[in-house]
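Required output: the full structure, derived from the provided sequences and hints.
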Amino acid sequence: MSVITYREAMRQAIREALLRDERVFVMGEDIGHYGGSYAVTLDLLEEFGPERIRDTPLSESGFVGAGIGAALGGMRPIVEVMTVNFSLLALDQIMNNAASLLYMSGGQLNVPLVIRMATGAGRQVGAQHSHSLEGWFAHIPGLRILAPATIEDARGMLWPALEDPDPVLIFEHAMLYNQEGELEEPFQPVDIKSAAVRRSGDELTIIAYGGTLRTALGAAEELATQGIDAEVIDLRCLRPLDTATLLSSVTRTHHAMVVDEGWRSGSLSAEISARITEEVFYDLDAPVSRVCSAEVPMPYAKHLEDAVLPQVLDVVNAAKVLCA
Amino acid sequence: MTESTTNVGPEVQSAPSDNRGLHLLQEMLRIRRFEERCVELYSRSAIRGFLHLAIGEEACAVGVMAALSREDAVVSTYREHGHAIARGLSMRVIMAELEGKLEGCSRGRGGSMHLFDGTQRFYGGNAIVAGGLPLAVGLALADHLQSRPRVTACFFGDGAVAEGEFHEAMNLAALWHLPVLFCCENNLYAMGTPLQFTESETDLALKAASYRMPSWEVDAMDATAVERAAREATEAVRAGGGPHFLELRTYRFRSHSMYDPDRYRDKSEIERWKQRDPITTLVAQLNHDGQLADGQLERLEAAIAAEVEDAVTFADAGTDEPVDELTRFVTSTGTGGS
Amino acid sequence: MGDFTMPSLGADMLAGKVTQWLVKPGDRVHRGDIVAVVQTDKSDIEVEIFEDGTMGEILVPAGDRVSVGTVLAHVNGEASEFRGPVEISGETAALGPSSLTAVPQFEPGATSIAPSPPQPRLEAVATSVRASLHPGLVESPLVRSLAERLGVEVSTMVGSGVGGVITRRDVEHASNARVRPSSSPLARRMATELGIELSSLIGTGPHGAIIERDVGREQREPPPETPPIESDIRERRLAMQRAVGALMARSKREVPHYYLTATIDLSRATSWLDEANRSRPPATRLLMAALYFRATALAVKHVPEMNGLYVGETFTASERVHLGVAISQRTGGLIAPAIHDVDQISLEEVMVRTRDLVRRARNGVLRASEMSDPTLTVTNLGDLGVDSVFGVIYPPQVALVGFGRVREQPWAKDGLLTVRPCVIASLSGDHRVSDGMRGARFLSEIDRLLQEPESL
Chain A
1 MSVITYREAM
11 RQAIREALLR
21 DERVFVMGED
31 IGHYGGSYAV
41 TLDLLEEFGP
51 ERIRDTPLSE
61 SGFVGAGIGA
71 ALGGMRPIVE
81 VMTVNFSLLA
91 LDQIMNNAAS
101 LLYMSGGQLN
111 VPLVIRMATG
121 AGRQVGAQHS
131 HSLEGWFAHI
141 PGLRILAPAT
151 IEDARGMLWP
161 ALEDPDPVLI
171 FEHAMLYNQE
181 GELEEPFQPV
191 DIKSAAVRRS
201 GDELTIIAYG
211 GTLRTALGAA
221 EELATQGIDA
231 EVIDLRCLRP
241 LDTATLLSSV
251 TRTHHAMVVD
261 EGWRSGSLSA
271 EISARITEEV
281 FYDLDAPVSR
291 VCSAEVPMPY
301 AKHLEDAVLP
311 QVLDVVNAAK
321 VLCA
Chain B
1 MTESTTNVGP
11 EVQSAPSDNR
21 GLHLLQEMLR
31 IRRFEERCVE
41 LYSRSAIRGF
51 LHLAIGEEAC
61 AVGVMAALSR
71 EDAVVSTYRE
81 HGHAIARGLS
91 MRVIMAELEG
101 KLEGCSRGRG
111 GSMHLFDGTQ
121 RFYGGNAIVA
131 GGLPLAVGLA
141 LADHLQSRPR
151 VTACFFGDGA
161 VAEGEFHEAM
171 NLAALWHLPV
181 LFCCENNLYA
191 MGTPLQFTES
201 ETDLALKAAS
211 YRMPSWEVDA
221 MDATAVERAA
231 REATEAVRAG
241 GGPHFLELRT
251 YRFRSHSMYD
261 PDRYRDKSEI
271 ERWKQRDPIT
281 TLVAQLNHDG
291 QLADGQLERL
301 EAAIAAEVED
311 AVTFADAGTD
321 EPVDELTRFV
331 TSTGTGGS
Chain C
1 MGDFTMPSLG
11 ADMLAGKVTQ
21 WLVKPGDRVH
31 RGDIVAVVQT
41 DKSDIEVEIF
51 EDGTMGEILV
61 PAGDRVSVGT
71 VLAHVNGEAS
81 EFRGPVEISG
91 ETAALGPSSL
101 TAVPQFEPGA
111 TSIAPSPPQP
121 RLEAVATSVR
131 ASLHPGLVES
141 PLVRSLAERL
151 GVEVSTMVGS
161 GVGGVITRRD
171 VEHASNARVR
181 PSSSPLARRM
191 ATELGIELSS
201 LIGTGPHGAI
211 IERDVGREQR
221 EPPPETPPIE
231 SDIRERRLAM
241 QRAVGALMAR
251 SKREVPHYYL
261 TATIDLSRAT
271 SWLDEANRSR
281 PPATRLLMAA
291 LYFRATALAV
301 KHVPEMNGLY
311 VGETFTASER
321 VHLGVAISQR
331 TGGLIAPAIH
341 DVDQISLEEV
351 MVRTRDLVRR
361 ARNGVLRASE
371 MSDPTLTVTN
381 LGDLGVDSVF
391 GVIYPPQVAL
401 VGFGRVREQP
411 WAKDGLLTVR
421 PCVIASLSGD
431 HRVSDGMRGA
441 RFLSEIDRLL
451 QEPESL
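One line per chain: the protein sequences are A, B and C, in this order. Number 172 in our numbering belongs to position 172 of the first sequence; there are no gaps in the numbering. Number 35 in our numbering belongs to position 35 of the second sequence; there are no gaps in the numbering. Number 172 in our numbering belongs to position 172 of the third sequence; there are no gaps in the numbering.
FYI, nobody ran anything at the bench for these hints, they're computed from the structure. Keep in mind the model is a prediction, meaning the values are calculated, not measured. Backbone N, C-alpha and C define an ideal beta-carbon position, used for all residues, glycine too. Just so you know, not all the hints are guaranteed correct.
[To be verified] If you want a taste of the chain A side facing chain C, the calculated C-beta under 8 Å gives, among others:
(1) His254
(2) Val321
(3) Ala324
Spelled out as structure tokens, the structure:
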């Protein structure tokens, strides 16, 4: 058992991948000489050299597309996009090529590519560096979307993602990098398919992922002191969704809530809510509740940013109404 | 550092002395006759969707493909029937694809704009303008990282030069000294908009040269000229010379796609270019050099007509993919999931 | 002679207008020649011909708009390696969905490929229904949603509109008679299962909605500081009793019951169970009840008329055996939810599911299918000390098997008197479906199976 940060866990995972498979290489903006904008790739250039730790120009579409091409050419690239807002510059490559090539080639060309990027708000970096857009990517057939919320998942999701024959996008919430936690030694592999019950309870199911898992767990502790026993589920994989785990919990608790840092309109939280209503409507004792970010571009001022994001108290209050 | 090999003069160039000239002619004719048949099939609804024909531009495809080896890769555009045929995909699987049949090279999932053949390293069939360039850079990067002496040829049109992805890919390829042969088929129109309305600098080879990349402009109405340029460039790329750029000056005789009224071009302009049809040009070269025997062209045409008919018969007899396979290949491991 | 037809110049092109003929009858034409100009929705397009020959009669003059595939002119063809246009139009007909969807209800008979225009289906249905003044005729989505919102049952209503159509006024009028309270989906489901009228309950949820606890669910783990109120429990028990009572009254009224009993020697079953449980922790031990369930489910194979549903004067035997298991609830009363496919699953699985079912039934969290699916019920009152059970059949099922307590009793076999553990098994049968002979066969089959516990 050792105590490490989420950032270190991710770095260990990348290092392990580079050591295990010579087809693996990393590319992205400022990942080499700078050490990574979130310092995830710090010191890897010195250890693995510039061929495998490749600094790229600021051309998201170009290097994400090159990652796809390299994957077609037999490599196992890990492409880092600095932050999710920048990934929109590569949306063409992700959607029209990575996600579509296998299908439109009639099954001939799979794309074993991993794209990592930071997501989420909380550091007062304003409206072009703070959004949670992973739900958009979860809309796209052909992609697997992961959101490691724990140290264990930060350490464990990368290798199975590289083993996946298809493109996998990993969204790392920027506020998690400094989180510390214990990691079992030797490290046990994790799966990248299922949701996880992070806290058991039988009166309310709170569904969260990535950055909102901590919020949900904090709220659940508070709710316990007020006599509401909440179960907290970590989605882990946003596409394909592990609907079975969600539904089996909701059929026990009869109350469901989604906590998502994304906006609510046309969102992942809307999709989850719809599935619950479609599948287990007659097990619901109240409408599905959602706690999401306010629908504004992210403001800079601290108090405004806080007001946008789902907070523990928001979840607690919504849960009390839901279980009234 | 552009070097012009353009020849627009009236004098007849010599064709390559071995059988290469005949090969170029045969491949151009195969493409031409295949596409002419496509027009007919489209008119009677056997082919649907978008159909972009390269009639008039055949020299680009056959000249470049003649210079590539089997291990090299090709990334193409949505106007790629010619590239696919010249690369070696059979007319049968292409025609079946155009008819949306399971026997098509993409199982009927792709259609005219998305022809693929992994075994021949033919990576499509990309219908986002300039979207294929980063793929080509990545394929070349994989070769570089695995120390394989292979070349990736990437086709795109003049319209792509205005896209950001063009510049990102050119920069990456040059920066990392990757083995890419960029083949810009400049037919003077980005769909219906003339080059001078879309580019501040219309000399595309000059533009490419700004990335410190050897660049030529080539008269691509002359298949032998394209082949010579492509051979020279391919050998340089394979020898470690980094990416090269060919501006293939060409012209399409037909409209952009089947539904295009062709309002933006003067009839006389099209007629002028038809005087420089790459097929008649090469036939003249071969006759001049005495490389074409009596009746040889007719025999070639007959054989190609039979091949086209065989492809249509094959496609017509093809099957529809069962609808219960609809979600197959969304992912490699299952039926997609959501 | 061939035909020159209006070409399809895009998947969305249904028709085109000939704006100009560039050839006239008698002109020589070659494959690829432009012969006419056609105006599409987008613009004018020059169209070419695909064969060599001489232009024949022009059938569609300039200025006319015709659908794709219409013959525009005849062509007197020359021998060609390409298939003639006549054949082409024939193939077009055989092209299937793509061409048919591209060419819907236009086509004034120009070719034979036009499908007949789709019938205005809804209107046809509505007309025929209206003619016979059927009840439940709602045409307007607004009226339908209003009826749903107000909880008005329209299926039996004949409206005041033309032809008996139910109008908005009809629905509003009906709703005044009876207001449906708002309620959660779970509460509605439970109320249905328990046969409780929602309108008899008082909602305590948000906006006065009736929620689960109002219907009578027992608190799972009541927090110590809020012990259940005595009146709540009484209320729930009453609701339950009412629902079960109504069902049993109906059974006794409608179903001609007959009863049989048999005393079954359980010495083999008991010792087999003891052996099987020796190495198991208490939580996973097998109980005699599981053997009863398996034996009953398997016995059905020989006497299928015990397993199924009697609906509308007809009995239908069920292929699958969903065994209703009578469970007493903490609030009092019995319910009998199903364990599915008991004939198909292992004894082990039966035990697991039984435990799960009992736990959930006592917490009030059963699935709708479990309440509605049983095809045959087993009740085991052995724990409660009774010798035997004469149960009331749960309609629409047609049989109920009961087991009393296991007790040691003198047993004579082969002229020797021993003491054996025995149980009295009983059968309540529906005489409309089976009789005493078949019932006896059924009980003896259960007996036989219980003598071979290892096969269960």
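Here is how each hint holds up against the structure:
A least Cβ separation of about 5 Å between His254 of chain A and chain C falls short of the 8 Å threshold, and the interface hint therefore holds. Because the smallest distance between the Cβ of Val321 of chain A and any Cβ of chain C comes to about 7 Å, under 8 Å, the interface hint for this residue holds. Given hint, Ala324 of chain A at the interface with chain C, holds; its Cβ is 6 Å from that chain's nearest Cβ, closer than 8 Å.
Checked against the numbered hints given earlier, this structure breaks none of them.
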